[in-house]
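Residue-level listing of the chains:
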Amino acid sequence: MSESASHAAVHASDIGRVFQAKGGPVTALDSIDLRVEPGELFGVLGPNGAGKSTLIKILSTLLLPTSGAASIFGLDVVTETARVRRIMNLVAGGDFSGYGLLTVREQLAMFAQFYGLPYREGIAKVDAQLASFGLDEIRDRKISALSTGQRQKLNFARSFLNDPWILFLDEPTIGLDVSAARDVRDRVRAFQAEQPGRTVLLTTHYMAEADEMCDRIAIVNHGRILAQGTPTELKRMVQKDTLFIVGIDELPATISMDSLRALPGVLSVAERDDVTDDVSGVGTQTVRLAVGLREDGALGGVISALAAGGAHLREISKSEPTLEEVFVQLVGRGISESDIAIDGA
Amino acid sequence: MPINVGAPPAVRPFGPLRGAAADAARSLVASARLAWAIEGNWAEPLYLAAFLIVRPLAFLGLFLAVLSIGGALNVSTIGFVVIGQAVFQIVSAALEGPTHALLDDRERYRTIRYIFATPSSLLPVSVGRSLVKAIIAGFSALIVIGAGVLLGVPMRAGGPDLVLLLTVLPLGLLSVVGLGIVLGGVCVQLRNDAWAYPQAVSSTVFLLCGAIFPPEVLPGPVQSLASVLPITWWIEGLRRALLGTTSPGILGAMPTSELILILAAGTAVIWLFSPRLFIAGIDRAREKGYLDRNTAS
Amino acid sequence: MVHSVTTRDPAELIGRIHRETNWGFGRRTRHALASVIARAYPRVIGAAREPSWLFFDLVFPILGMCSIVFLLRSRGVDEAWIGSTILATALLSFWISVVWMMGAQFHWERDSGNLLLYITAPVGLGSIALGMAIGGALGVVIRAVIITLAGVLLFGAKYQVADPLLLMLVIVAGVAAMYSLGVCLSSVFLISGREADHLGSLLNEPMQLLGGVYAPVRSMGTVGVVALGILPLAPAIDALRQVAVPQLATTGILPVGIELVILVVMTIIFGVIGRSLLSYIERVGRSGGRLLARAD
Ligand SMILES: Nc1ncnc2c1ncn2[C@@H]1O[C@H](COP(=O)(O)OP(=O)(O)O)[C@@H](O)[C@H]1O
Ligand SMILES: [Mg+2]
Numbered sequence: 021m022s023e024s025a026s027h028a029a030v031h032a033s034d035i036g037r038v039f040q041a042k043g044g045p046v047t048a049l050d051s052i053d054l055r056v057e058p059g060e061l062f063g064v065l066g067p068n069g070a071g072k073s074t075l076i077k078i079l080s081t082l083l084l085p086t087s088g089a090a091s092i093f094g095l096d097v098v099t100e101t102a103r104v105r106r107i108m109n110l111v112a113g114g115d116f117s118g119y120g121l122l123t124v125r126e127q128l129a130m131f132a133q134f135y136g137l138p139y140r141e142g143i144a145k146v147d148a149q150l151a152s153f154g155l156d157e158i159r160d161r162k163i164s165a166l167s168t169g170q171r172q173k174l175n176f177a178r179s180f181l182n183d184p185w186i187l188f189l190d191e192p193t194i195g196l197d198v199s200a201a202r203d204v205r206d207r208v209r210a211f212q213a214e215q216p217g218r219t220v221l222l223t224t225h226y227m228a229e230a231d232e233m234c235d236r237i238a239i240v241n242h243g244r245i246l247a248q249g250t251p252t253e254l255k256r257m258v259q260k261d262t263l264f265i266v267g268i269d270e271l272p273a274t275i276s277m278d279s280l281r282a283l284p285g286v287l288s289v290a291e292r293d294d295v296t297d298d299v300s301g302v303g304t305q306t307v308r309l310a311v312g313l314r315e316d317g318a319l320g321g322v323i324s325a326l327a328a329g330g331a332h333l334r335e336i337s338k339s340e341p342t343l344e345e346v347f348v349q350l351v352g353r354g355i356s357e358s359d360i361a362i363d364g365a
Numbered sequence: 076m077p078i079n080v081g082a083p084p085a086v087r088p089f090g091p092l093r094g095a096a097a098d099a100a101r102s103l104v105a106s107a108r109l110a111w112a113i114e115g116n117w118a119e120p121l122y123l124a125a126f127l128i129v130r131p132l133a134f135l136g137l138f139l140a141v142l143s144i145g146g147a148l149n150v151s152t153i154g155f156v157v158i159g160q161a162v163f164q165i166v167s168a169a170l171e172g173p174t175h176a177l178l179d180d181r182e183r184y185r186t187i188r189y190i191f192a193t194p195s196s197l198l199p200v201s202v203g204r205s206l207v208k209a210i211i212a213g214f215s216a217l218i219v220i221g222a223g224v225l226l227g228v229p230m231r232a233g234g235p236d237l238v239l240l241l242t243v244l245p246l247g248l249l250s251v252v253g254l255g256i257v258l259g260g261v262c263v264q265l266r267n268d269a270w271a272y273p274q275a276v277s278s279t280v281f282l283l284c285g286a287i288f289p290p291e292v293l294p295g296p297v298q299s300l301a302s303v304l305p306i307t308w309w310i311e312g313l314r315r316a317l318l319g320t321t322s323p324g325i326l327g328a329m330p331t332s333e334l335i336l337i338l339a340a341g342t343a344v345i346w347l348f349s350p351r352l353f354i355a356g357i358d359r360a361r362e363k364g365y366l367d368r369n370t371a372s
Numbered sequence: 569m570v571h572s573v574t575t576r577d578p579a580e581l582i583g584r585i586h587r588e589t590n591w592g593f594g595r596r597t598r599h600a601l602a603s604v605i606a607r608a609y610p611r612v613i614g615a616a617r618e619p620s621w622l623f624f625d626l627v628f629p630i631l632g633m634c635s636i637v638f639l640l641r642s643r644g645v646d647e648a649w650i651g652s653t654i655l656a657t658a659l660l661s662f663w664i665s666v667v668w669m670m671g672a673q674f675h676w677e678r679d680s681g682n683l684l685l686y687i688t689a690p691v692g693l694g695s696i697a698l699g700m701a702i703g704g705a706l707g708v709v710i711r712a713v714i715i716t717l718a719g720v721l722l723f724g725a726k727y728q729v730a731d732p733l734l735l736m737l738v739i740v741a742g743v744a745a746m747y748s749l750g751v752c753l754s755s756v757f758l759i760s761g762r763e764a765d766h767l768g769s770l771l772n773e774p775m776q777l778l779g780g781v782y783a784p785v786r787s788m789g790t791v792g793v794v795a796l797g798i799l800p801l802a803p804a805i806d807a808l809r810q811v812a813v814p815q816l817a818t819t820g821i822l823p824v825g826i827e828l829v830i831l832v833v834m835t836i837i838f839g840v841i842g843r844s845l846l847s848y849i850e851r852v853g854r855s856g857g858r859l860l861a862r863a864d
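Listed in order, the protein sequences are those of chains A, B and C.
Residue 42 in this note's numbering sits at position 22 of the first sequence; the count goes up by one each step and never skips.
Residue 318 in this note's numbering sits at position 243 of the second sequence; the count goes up by one each step and never skips.
Residue 783 in this note's numbering sits at position 215 of the third sequence; the count goes up by one each step and never skips.
I should point out that these hints are in silico values taken from the structure, not numbers from a laboratory.
Label-pair distances were calculated between CB atoms; the ranges are:
hint, chain 1, residue 1, chain 2, residue 2, range
1, B, Leu217, C, Leu722, 31 to 41 Å
2, C, Asp679, B, Phe214, 21 to 31 Å
3, C, Ala817, B, Phe214, 42 to 52 Å
Chain B is nowhere near these chain C residues, computed Cβ spacing over 12 Å in every case:
hint, residue
4, Gly583
5, Tyr609
6, Val612
7, Ala616
8, Tyr727
9, Gln728
10, Ala730
11, Thr790
12, Ala817
13, Leu822
14, Pro823
15, Val832
16, Ser847
Heads up, the beta-carbon is just placed ideally off N, CA and C, and yes, glycines get one too.
Generate coordinates for the entire structure from the input sequences, incorporating the hints supplied.
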């Protein structure tokens, strides 16, 4: 193993996984190369069936690859499984495990033992996690009496017990309401901030989650990585030019769209159809123009032309392409559309 | 398991039983179909082997082995146990069926809320599913009787007494199905472990009804319970119809005509009350919000 | 937003992680023992937490016991057999717990998502299974005692135990052999891929017959002798009958000493097989992708 590989938090080279299913072999992963640095929060984004869970299972020692090799902090996931398991933890969304008759606290204490914590230290960790997840009040409640959100928080609390150097999260916020999902994301970030080097590998099919949380993202489909980079890098891939949204009260009669398009440095001008009622209640509307420019400096000419025509400026914003657009361009369709295609299959 | 039950019947407001007879008959047929589909896993080989063949036969073997501690068995003792054990397969299926059907619907298929909106429409569904379960259990009963024949139990010369059989069989079936739906109405109101109660009841009935030993060995006060249970006389009636012999003791002392009379009266009494108890039970369960809850944890 | 990639020397971090993951023999042993206890805990506490479970765990065996007792009475056999029936019912409750709470357990753990957490934790499946067994056996003790008391009260059975130590030995060895077999069953249930309910049912009533629980295996002929060699229930019950009900000593098929040896050998052999089955399911699960996690 090369020096640089052994310093990565996750290093996967040419990983493939073929399942023998009833209808013949299914290729879930097809040559994945991945490198996650210590301390990163790395996202794997893809539609249902893309191979996200398969990748997590291989990296978390639950599944063997059928080709290729992977290591976690230099420990091989196939041959050094025992050691890998001592520094990792895993949360799979929608899995509500445990024993219904145990209390929240007992359940966590049991897992603390499984993770190899000395008894007292384990109990202290359990109480600390209960406090930080706001589960203190229900610490003596039976698992069977918990709500979905509480169970998933419990699942997260469990996954932090052994202070894992690598935390695998497979669709961790699936089925959670907005506020519970936010709590959980905050806790994951806080967990990483506590100790430099803690690494998180997360899969999701929520664009916003990936965009908001991840340092870097790999977009996968059909078991292949289509692109990877920081969210900004990925977005830049689909749009090299800059796009501004210019909001005005109304388009002056003297100015045509074509005349705006003729201004130097302007590539495109289009009226956005998201005309909104004025919130101030005066009864006016905002007309939004999407202005594509060769470079930011060309905006000045557009603004002056509009002002000269008598338009009042309401807002200017630089429009970022969304990950959704990146995804559509790479995969050829929206992520939710592909979900439907899979479900209906 | 995808179950195609067709379009759900229109939601009917709460209403009395009568005036809905035609509806009830239709939904009885529909629910028997549904039941057949749901109970369809009986055709799965392991299920078939485990529940419908091996288990009843293992019990039969166990009882006969225990009896033979007291010395070699004669065929009439074996015959007594064989018929009791065979018929009891149907009894326990019918007693446990409606409760399991309701809980199944409630917890697994979630159809109670959506398809059958009123207690009175749940009744034919439960009866239908209970009947289907009883009929499938009839297969086990035949297996047990077949084993008895192999062990040398002489069946009635010239075939079963058809008149007696066709009188007793439907009456008894009705009575156990009726008792089963009462249990269903009671158990659906329970929060926990509702699954186990009907089984506890049927195990108790097993002790009382003279299935494998005559009621005489029971302690005095309990013995009289045995003689008011229609199931006791159902099993004894079927013994006479199939074996052509009467059992020893108080079971045998009952003339066949009186036996039929008791069975018929018992069945009538059961059906006088059981639909009402069932509907009242479902109503209460609905009020308590138990119909769409889930006991699984 | 890159958190702390640069605040730490990667080589230093890797070095630390490699030291942390290098557990010595002492630590591994302590961890295994602690895990056994941790897994046993919910089993022991369970009976007390859910009184309704305890209730049904008692009601069904007691009703079953009653039907056997009445069956015996209908034949007018020696009352000693009734004493034997009560003890057999008590011992049987261990076997029933082995079938459902050992055999079917990993099946359920898989479907509830626990198995996945066990596999990815540093704990071995062996510790989990051992904890399940010890906790399970301890949990059943109360049940067995209550069943015995109920039988004695209901039917007035009398026992003369000449050698209480031998009785304890027989019970402990019998229970150990049953749970040792249970470890094997837990893997077998998973591997079979069948419905746990159906398999469990096949191991319940038929084994009561084959194990000679209520009637000596002698009545089963050759099948009975084979059962004596592979089914822990058989020698355990046979020995129990001889030790606790002297009138029935003559019904014993083998001397108690030999049956004790059989039970100990069974415990060891099933334990060894169980261990290799556990590593087998982990191996096959990781390569096939089916066994350990729900296919979702
Ligand atoms: N155990 C398995 N056996 C057969 N096929 C599987 C198995 N696990 C996953 N697959 C298939 O592999 C592909 C990727 O699945 P998965 O990794 O679960 O996708 P994702 O998590 O991105 O939704 C899917 O086509 C899935 O059907
Ligand atoms: Mg997935």
